[in-house]
Every structure is written in structure tokens, then in C-alpha cells.
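S.K.: Read off the chains here:
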Amino acid sequence: MRSKDNIGITVKNLRLKYPGTSRKQFDKLSFRIEPGEKILIVGPSGGGKSTLLQLLSSIIPRSYSVPFKADELVLPTSTGVVFQDPDSQFCMNLVCEEVAFSLENNRVPADEMDRIILELLSTVGLRNFKEQPIRTLSGGQKQRLAIACLLASSPSYVFLDEPTAMVDEKGTKDIWESVQKVWDQQTVIIVEHKIHLVLPFIDRILLLDDKGQLVVFDKKEKVLRDYKEDLVRFGIWYEDSWKHYIDPLYPLHFESTTNMIESESYQVFRNKKPILTIKDMTIFHQEWIGIIGENGAGKSTLLEAIMGLLPTKGELLLENKVYKRLDRAVMMTLVFQNPEMQFLQPTVKKEIEYTLSLLGWEENAKKYRVEELLQQFSLDHVKDMPPYQLSLGQKKGLVIASCIAHRPSIVLADEPTFGQDALNTREILLALQELQKNGTTIIMVCHDQSLLDRVATRIYKMDQSTISENKSNREDCNKRVIL
Amino acid sequence: MKKLTLTDILVTVTIAFGFGVIYKLWGPLYYSVKPLGIHLDQLIYGMWFIAAIVAFAIVKKAGVAFLAELAASSGELIMGSEFGLEVLLYGALQGVGAELAFALFKYKSESVMVMALAGLFSGVASLLLDFFKGYIGELELWNLLLFIGLRLMGSIVLAGILGYAIARGIESTGVTASLHGGTKEDYDALER
Amino acid sequence: METTRETWVHRVNPISKLGISVLLFVCLLFLHNPSILFYILILLLLNILLLSGQSIFRFSFFYYHFSLFLFQLARSMILFGQGENIWWQFGLIKISEESFYRGIHIGLRALSFALIGFFFILTTKPTRLFYSLMQSARLPYKVGYSLLSGVRLIPQLFNQFQQMRKAIIVRSGGSRVSAVEQMKLIMIPILAGNIRNAHRLAAAMEAKGFTEDKRTFYYSDDYSKRDVYYLLYAIFCFVIVSILSTYYPIFPIDNVMRL
Ligand SMILES: Nc1ncnc2c1ncn2[C@@H]1O[C@H](COP(=O)(O)OP(=O)(O)OP(=O)(O)O)[C@@H](O)[C@H]1O
Ligand SMILES: Nc1ncnc2c1ncn2[C@@H]1O[C@H](COP(=O)(O)OP(=O)(O)OP(=O)(O)O)[C@@H](O)[C@H]1O
Ligand SMILES: [Mg+2]
Ligand SMILES: [Mg+2]
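Chains as they are written, first to last, in this note's numbering: chain G, 1 to 483; chain E, 1 to 192; chain F, 1 to 259.
Bound conformation, chain G alone:
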């Protein structure tokens, strides 16, 4: 096995096409990766990065039979993958059992397992979650678990598909640091949109364009120096990519002092347990509130509670009135953290139309709005596909498009920009800001402080320790008003 894994990866003239789509995802793709190299794959959302990773790790065709051909294909056998979607990569009930599953596959003796499991969980910061059911972990915690499992199977080729998209900022740093430490010898292939934290670790960058064509594959210094324009054009995030856009975003100046959302001693429950207590919170009309906080701090819980989807105690006033659940949906919308939980219709286009049809929009207005959103979120070329066949970034874009189609007056968005390239991120933020200009109040959960700084009028920080002490979990950072 070793010997075979020492010859690296060769792809020559690869062609791949998903059934039922009109164009080939890859056409005449060729490249070579030497053993031990650290590679970063970047490219716009929907460019085929996940597909390429699945092919290189033999998931295609082992588990997915997607038609493809290549003149030469040399692939490793000892591979491990962290998937982009945190929810469907676990097969067991408890956290420890899941790590054990990987150990079992590697025939680690049973009596050593508990020690190793604890060690690995400490590495990713999940030490206290050993006996917890996986389904009660927050999104970011699940990604950490996935990394622990990969460590457990110790492959010589490691594939990481946006492993930190949902992890908080500190956690992201931690994870990349541990990745550097433990995978020093291995060949590591990473897909990421936000590249600045991985860059120190990387040897070469592979850039795909939006049609799955190879733009460049070269030493990172060279790519960053000579291909800046392409990186910007294809929306790759790096340190100061914002300044390349002609009209960078600024928080909107607003003067309103009308209360939009107001609450006092508001308690939120999950499974009859209080998860979150909010002492008092006032959000003004037309504000853009950013919410930041560690994984598991209760950000998603807060949004669901405001939407009226969780049992609560205490009062929440909207425009100084108490609203029942269904009435809240008239003025509010919520973009779930996991986009797949929100699809109701068989095609992308119908998905966006759904709410508009329910609200009885007139046919022409509806058509115009749908077209506009499809363009804005670059979903036009996939408009007749079933939603779940989209790439993760496209899915998230679709959910946002279908939630804001009817221009609700409050938008609650749970990590709307995770897994997005810079261009799409900007489009999403612009679309939200346009709503804001017309009077919409926005509450957005996001792990990216610098991004929030560009759009939010105020930022709430949620802190796990204060929640567990049942104190107020929010504090105003600073009220920014920029002209």
C-alpha cells in the first residue's frame, strides 16, 4: 500500500459530466500532485471543487457513479475526507462511538480506543462532549468532530472540503494549527474560500474557474503575485480582497429610533431546558445587527426564538406589539443555518416562486422578481435543477433568495455567507443592504468579524459562559455610524 501511495496523483485529460446536465463539469483537465505536497484548491462556488475532491479520493466512482473518463488516472488508496456538509457524515449516535468507528476500520485494539478517543477529542476541543449524542452538537462542533474522525484513521492523503466554514474564528485558527502539526508528512489537499489562514501551510494553489477549467496551478507566491486579477475575478477571499471592489460596502447610516424588536427577560427553551436568557434587547427599525460568538453559544437558537419557532418565556415585542407565531411570518423571515432543511419545491425556480405564489403576487411581478434574484445570485444556469443537486454555496444562495423574495421587513439570517466565494458574498450583502435601504431590519449571524464591520450597525457578542450563568448574553460592542 505504501509503495503505491508514494507515487502521488496524476490526472490526465479528465472529462466528467453529471447525468441530466447540459455541459461537462470538467473537460480536458490535467495536473499532477507530488506526494507530501500541500495543495489548496480555490474557485468560485459551483466550479466543481467538491466534485474534484470526490474524484481524487475515489468517492467517485466508489460511492457515486458519475460518468467520467480520463486518459490517465493515478490515485492514492489511503485517503481520508472531511466533507463540506457537516450533517451527513456521521453514522453513529454518540460522539465517542463515531471516532471509534474510524478506529474500528483501522483495526485498533478495543482496549486502546478510549484513550485515543479522548486524546483526539482534546485535539479538536471536544473533550467534554465525549458521551453526547451527535445530533445535539452545533454545526461548528460537528465539523470539529469530523476532523477528529479523520485524525483517527490516519490516512496518507488528506482531503478537506471547507472544514472550517461553520467554525468560529478562534476555532478556525486552532484547527488549522492542529492540521499543520499532525499532517506534516501527509499529502494534504484543501478546498477553501477564505484562504488567509491556510496560506502559510500551503505549497501550491490550484485555481478553477466557474466552468471547471484549470486557470493556474503553481507555487503560491507566484499565483498570489501574478494572478491577482484572476483571484479577484473568481471571487477568492484573501486578506484584503475587499479593496479590489469598486464600491466596497459600508454600514448604512440610519436615523430611525423606532423600536423594531424589543425584549425583556426572554428565556428560550430546547427540550424543556433553558438554553438562553436575554436580559433586555432593543433593536431599532432599519438596523443591521451582527451576531458573533463561539460555536454552540446559542446564535441559531436566538434567531429561531425571535422567529417564534421555539418555546419561550417572557415577552418579545415587534413594533411594540405582541405577535403570534404565524403572524410573525408575515413580516419576518429566517434563513436557516443548514440550507437543506428549507427546500420545499422540486426545482430552483419554483423554490424562489413559492412564497410569492402563496402571497398571491401578480404573474408578471413574480416573474420579474424571480429573474432578478436568479441573476443576482448567479443561479440562472441551474434554475431547473432540483435544489439539492446544487453545490453547497449555491444552496445557501438559493435559500436566501427564496426567503427575501417577498421583501419581508425583518430578515433573520443564520450564517448566510458560509461556503460562499467573495463575489457571491458581496452579492448577498448587497441584496440585503438594498432591503435595508428600503426599511428592512436585519439580524445576521456570522463568524467573520471583518465582514460584519463592513455592514453591521451594531454587533452583539454572545458568550457561552454568561449563558450558562443565566446572565445577559449580549453586550453592545460599539455603535458604529459611518457617513
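Derived by calculation from the structure, the hints in this document are not laboratory data. A virtual CB, placed ideally from N, CA and C, is assigned to each residue, including glycine. Warning: the hint list may mix true and false statements.
[Claimed, not checked] Cβ-Cβ distance ranges computed for the label pairs, FRET-style:
# : chain 1 : residue 1 : chain 2 : residue 2 : range
1 : F       : Lys125    : G       : Glu434    : 51 to 61 Å
2 : F       : Met183    : G       : Pro133    : 21 to 31 Å
3 : F       : Arg5      : G       : Leu197    : 43 to 53 Å
4 : G       : Tyr368    : E       : Ile38     : 58 to 68 Å
[Claimed, not checked] Derived coverage of chain F by chain E (criterion: at least 3 residues anywhere in the stretch with Cβ under 8 Å from a Cβ of chain E; other residues may be distant):
# : region
5 : 195-209
6 : 244-254
Place chains E and F with the ligands on chain G using the hints.
M.R.: What follows is chains E and F with the ligands alone, placed relative to chain G:
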């Protein structure tokens, strides 16, 4: 016939446990229909055969119907079935019944007729067990015929036809297509 | 199902427990003496009370099953109308002495079946059961781990159901969506979604190196003296039941088949 892969088995078990929940809910419903009299309960009995049919319609391989029915009944048991361990025995036999129907057509046909036949065979299998276990053979003749007739009719409609409809519904979302991969045309298109 | 307290029965090997339960189940199939059944039922109830580890006795659950028993009884009396000693007749429907006892018998038996099943699942973790079946009953690993992930699916299904309802509320824009429409919007997508997830999960499991080859197991499948005790305990219960029903029969007949 190709062997069952991990994907096939996982998909089958997933469908089965999904219907296992419905099987569990069906128990109280069944008993609440009972007092209405003249075997009306038998009419809804067929629901307990539906997992095999939907699973086969999606996965299309030998052994799937049996596995699905057995897994669905274990799921029902784990949730605390009113029938206790008995469900496993019934599940297994009903699965064999459905499997037989599909085998008759070499696992090639998924028409509504075959699905109805599978429902019917499952119904017959469950009746065989009832005869062995209970005192049904001692029912008065009119009563017995009504009992059998309603059970089989329910099997065909609730398991066969409803199962077929649900499978079509699932297919329309496109998941089955990605389960079965590309066609020859897709491979040919690669050369262009 | 959640158990709050572990008893020694929880630590009996799941396969032994399953084997003994099945044995008991088969015995009951061939038993035609309602008095024995009655005593078995009492013992089962006692066992569940003392050994299942349920701290709060689930009264609602027993009422429910007892009412099922009464249904069975009534139904069977009407169905199995054949018999010589007619007690009551109305048109085609007649109730005889024979039908009465058969009704009782079927009802008691159904109740016992349910309780055996309950006792088994209350004292066995599904995870342990499937691990044991893979290790000593040659259950193929593919099936074993699929079932394991299937078990996890059950609470998840309820979650998904709630999530979908939430999604419908969010996306409704405040307009009412009828119950039938909701079912249609929920049922098929949940099934399709789970099939899709199963496919992805299979890919993930295989990517983690899962095969049918030799492997080690996190939970070992030990047999111990406890398994023997459990068998002896079951036999002991059976002996008590036989003695009691011989000396203190509850019903005046000892075989409902030979009436
Ligand atoms: N099963 C499928 N059937 C049909 N088309 C698919 C399927 N899976 C993916 N695609 C399409 O292939 C393209 C590439 O998808 P992929 O997931 O590889 O993108 P990606 O580069 O990883 O994007 P992201 O950054 O958003 O994750 C997308 O346009 C997507 O719609
Ligand atoms: N369905 C659930 N049942 C029980 N507990 C849950 C559930 N979902 C989340 N929790 C718990 O509630 C707490 C808050 O979770 P929440 O999802 O709101 O965190 P979050 O701040 O959104 O985290 P992330 O950044 O990872 O998305 C966590 O400790 C989590 O374990
Ligand atoms: Mg991707
Ligand atoms: Mg969250």
C-alpha cells in the same frame, strides 16, 4: 443479480425506519378502528407491508424487500410496539411474500401491477401466520371470508398502490436518478 | 427508550436476552392454558416494575395496553362464535362459553407478547444489540452499521418533521397552509432527503475505510455468568408459574383448544 452495496443497504434501512415510525403510529390507529366492527381494521392492515414495496421501487435489487420489511419491524419494536417480538416474525414473513412477487418477475418490473401483487403476497403471508397463531380457522365461514377479503384488498391498495405512488413521488425529486448513476448516453457525451 | 437506572438485566448479553425472549415467545405460541398465561403476565409485570430500571412507572402505557386487551377480548368473543354453550345471540353474532375463553386467551397472549417485547427493549441498548449481533451472530457489518445509523434516524425523523414545519411557517409569508398540503410538502421531501443523506453517509463511511473485512469493535460482546443466571431466572419464573397454575387455577379450563 448484483450484490447489495453499502449504499443499497443504507438506503433500504433508511426507508424502512422511516416507515417504521408510521408502522408504530399505525398500531394505535388499528386498535381504534377495531371496535367499529366487522373487520374494518383489516382494511388498513396493508399499511404494514408498504416499506418493502417502496424500498424495492427505489433500490431495485434482490433481497431489498425482505430486508426493508425486517428492518421496519425492528424499528417498530425499538420504538415499543404493541405487538412485541411478534412483529419481527411477521415482518420477516411479509418481506418474504413481497420478495417472492418481485422474484417472479426477475426483479425487472416495477409496474403498479407487480407492486400490487407484492402487497397481495405479503397479505397472504401475514394470514398464514395468523392461522398458525390464532384461532382464525375457527371463525364462522362468512366471517372468515370477510376477514380475508378485507385484509387482501387493503394490502393491494395501501401497500401496493400507495407504495407505488410514494415511490413515484420520491423519484420525481431526482434522488433515485443519482442513486443509479449515468446512462450510456452520458458516457458517450464525454467523448464529444 | 430512556432508562434511568441500570439493573443486572441490562448487563446481560443482548443476544442471550434476545434468545431467551424468543424462546419464551415460542413457548407462549404453543400454550393453550389461560391460567398459566395469567400468571406469566403477572410475573412479567413484576419484572418490568422491578428490573426494567424505569423510575417512573408508565401508567398511561399500561392503561393503553390493558384497553387493547379488552378490545381483543370483546372482538374475539364475537368472532369465534362457534360453540355449544351459547350464552347470548343476536342475529349472526353469538357469544358462547368457548368463545369467551378463547377471547380471554388471545387477549392475555397478545398482552404478554407486548410485555416481553417491552421488557427486552427497556433493558437493551440497540447499539449494544447490533454490535453483539455483528460479533457473534454473523450479521453482515454492512447491515449492522446500517441498522445502527437507522436507530439514530428515529429521533432525527421527529426533528426533521419539526424543522420542515418550521420551514413551511417561515416560507408561508404568513398565509395559512392547509394540513393536507403540509403533509404533502413534508412527507416526500423527508423521505427523499433521507435517502439522499443515506447515499452521502454511505460515501462518507466508505471514505472512512469501512469494508466487510476484519475489524475491531468498540463495544465488546462478552458473555458472563450473568447470562446463565438470566436463563436460570427465566426457568425459575416458568416453574413458579406452572406450580401456581396447577394449584390455583384462575379459569375453570386448562386448554382452550380442547373445549
Ligand atoms: N448530483 C449532481 N447532479 C447534477 N449536478 C450536480 C450534482 N452535484 C453537483 N452538481 C453540479 O456540479 C457543479 C459543481 O458542484 P460542486 O459541489 O463540485 O461545486 P463546488 O465548487 O464545490 O462549489 P461550492 O464552493 O459551493 O461548494 C454545480 O454546478 C452543481 O450544480
Ligand atoms: N436540537 C437540539 N437539541 C438540543 N440541544 C441543542 C439542539 N440544537 C442545539 N442545541 C444546543 O444548544 C446550544 C446552542 O446551539 P446553537 O445551535 O444555537 O449554537 P450556535 O451558536 O448557532 O453554534 P454554531 O456557531 O456552531 O452554529 C448548543 O450547546 C447545542 O449543543
Ligand atoms: Mg463544494
Ligand atoms: Mg448556529
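S.K.: Which of the numbered hints are not met once you compare them with the structure shown?
M.R.: 6
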